[in-house]
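Peer 1: Chains as they are written, first to last, in my numbering: chain A, 111 to 367; chain B, 16 to 294.
Hints were generated in silico from the structure; no laboratory data involved.
Be aware that one or more of the hints could be misleading.
Said to hold, decoys possible - Taking beta-carbon pairs under 7 Å as the criterion, some of the chain B residues facing chain A (in silico): (1) Gly22; (2) Met44; (3) Tyr66; (4) Ser133; (5) Cys285.
Said to hold, decoys possible - Negatives, chain A to chain B, calculated, CB over 10 Å: (6) Ala158; (7) Asp165; (8) Ala168; (9) Arg197; (10) Leu219; (11) Met243; (12) Gly276; (13) Trp328.
Just so it is clear, the structure is predicted and the values come from calculations on it, not from any experiment.
All C-beta atoms, glycine included, are put in the ideal place defined by N, C-alpha and C.
Chain residues, written in single-letter form:
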Amino acid sequence: MTRLLAWLYLLLAYGFILLPVGALVLFSFQDGRLPVPPFQGVSLRWYADVLGDRDLMAALLNSALVASGSSAVACALGFLAAYGLARHVLPGAALLRAILVLPLAVSTLIVGLGLLIVASRLGVGLSLWTAGMGHVVINLPLCFAILYASMGDQQRNAERAARDLGASEGQVIRLVTVPMLRPALVAAFFLSVTLSWDEFIVSFLLTRFDVTLPVEIWSMLRSGLSPRLNAIGSLVFLVSIAVVAAVELVLRPGRRP
Amino acid sequence: MSDTGRGWGFVAPALLWTVGLFVVPFAVMAAMSLARLEGRDLVWGVDWGNYAQLAKPQIARAVLVSLEITLTVTAVSVLLAYPLAAIIAFRVPPRWQRLALLLAVLPFWTSYVVRSYSWLLVLSKQGVVNQALLGLGLVAEPLTLANTRFATVTGFVHFFTMLLTLTIYANLMQLPRNYARAAQDLGANGWQTFRHVILPLTLPGVVTGAFLTFVLCIGDYVTPQILGGNNELSLPQVIMVQLGRRADFPLASALSIVLMGLVMLAYLLCARWLRLDRV
């Protein structure tokens, strides 16, 4: 009896969770003007429409640039800070760590608003650059936390051995620390890419003419339900899944016992 | 160079970035919340007038709406996610659990804005739910589901059920199976085992997940804006209104500080159980 209930619950829960995504993908193929039932047959015209939309494709490229650029910066800064705090004795290290993860404690709306106020006070024009800088603020704490947590004693011994053999600190980092931390660096980078790719409010507040994909989709929403939105949404979904699968494949071999 | 000096060299870039682009802007925003807008000119100073606006009905209402939505979402999401996580952890055969979990969080990979939009497909007047109900003859007229608080809550619950299922599942898997076995050997039935052993041991994880839900939900602008319509505004929506039409940065800043205060309050209330290092 409880067994049956459990499976029923599982079924209903999956229904609830997958229903909107199912509707999104299904009606992206709608051969009609509205992405709602009844399903009128399979058509790829909305995909063709979306892929031929210059603004949308520009936004897609912008998003890719901002996500990869801001993640690279966040990873680099996070790595250096994690290395400095894990391998050197610093006064007030606990305070430094707290400051570095502080942006996680407030909502991204507040991060964006603070930057918007400063930018407008200083007369800095809004662009993809300002949005990218905001994304680094959001992603740096995560990158730092992940990399700091993965700097273990095992690496420390290898680093010490390298130093005993005459390697300079730069060589140690380049030839020992970075290769040993590769899985964590990849994980931090892609987590950061995922978050930045999907980030809305900071991009919305800090961009003006060139916008990222979520902001472009946001402005398309004003015209209501449309299979075009389904098509671009499904494409983003597909790309994200492909990226996640790729990361799994990259990280897996190293983790296997 | 000394060891400490080199250490500073490594930490400095990240520290400068965080201080320059987060701590300083935040401080400016806090100062701005005490400034005043006279016509189009900004008058700096210590003026609590922006905070006094909390007494205005429409702003007080927004705070209340946000709290109501967030508390409802948090409670409903926990209640939905716990059984789901437990069923995946205890009923689904181990070799299928990874797949079951992946399926339960699949919509995470749709874009954030698109996720809310996809609920419009389900809930709108001509949407999936209404068409199904009409088709089955259960209703004569389509129901108004979109552009309501119900839609906002549904969109939020959808997202946070996924998030909480992940965190609660992780918690359940950390429990040694022997605890439940020991309880059963001592004569506890299924419910008693859950009530006196499993629930207390997973409570810190649940509270941490609920806190995360609260924080992310109360600060969100997208979901209520897309799904909630404009009948009632949440606090983030009111903040964005100040930025748009009126460019009232001081009031927007003050309301953001209030938003942060609500999060701090939630933190203090659950601090006893929180284990943020173990999310």
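Peer 1: Look at each hint and say if it fits the structure.
Peer 2: The hints, checked one at a time:
no. : hint   : in the structure
1   : Gly22  : holds (3 Å)
2   : Met44  : holds (5 Å)
3   : Tyr66  : violated (16 Å)
4   : Ser133 : holds (4 Å)
5   : Cys285 : violated (14 Å)
6   : Ala158 : holds (19 Å)
7   : Asp165 : holds (16 Å)
8   : Ala168 : holds (17 Å)
9   : Arg197 : violated (8 Å)
10  : Leu219 : violated (6 Å)
11  : Met243 : violated (6 Å)
12  : Gly276 : holds (18 Å)
13  : Trp328 : violated (6 Å)
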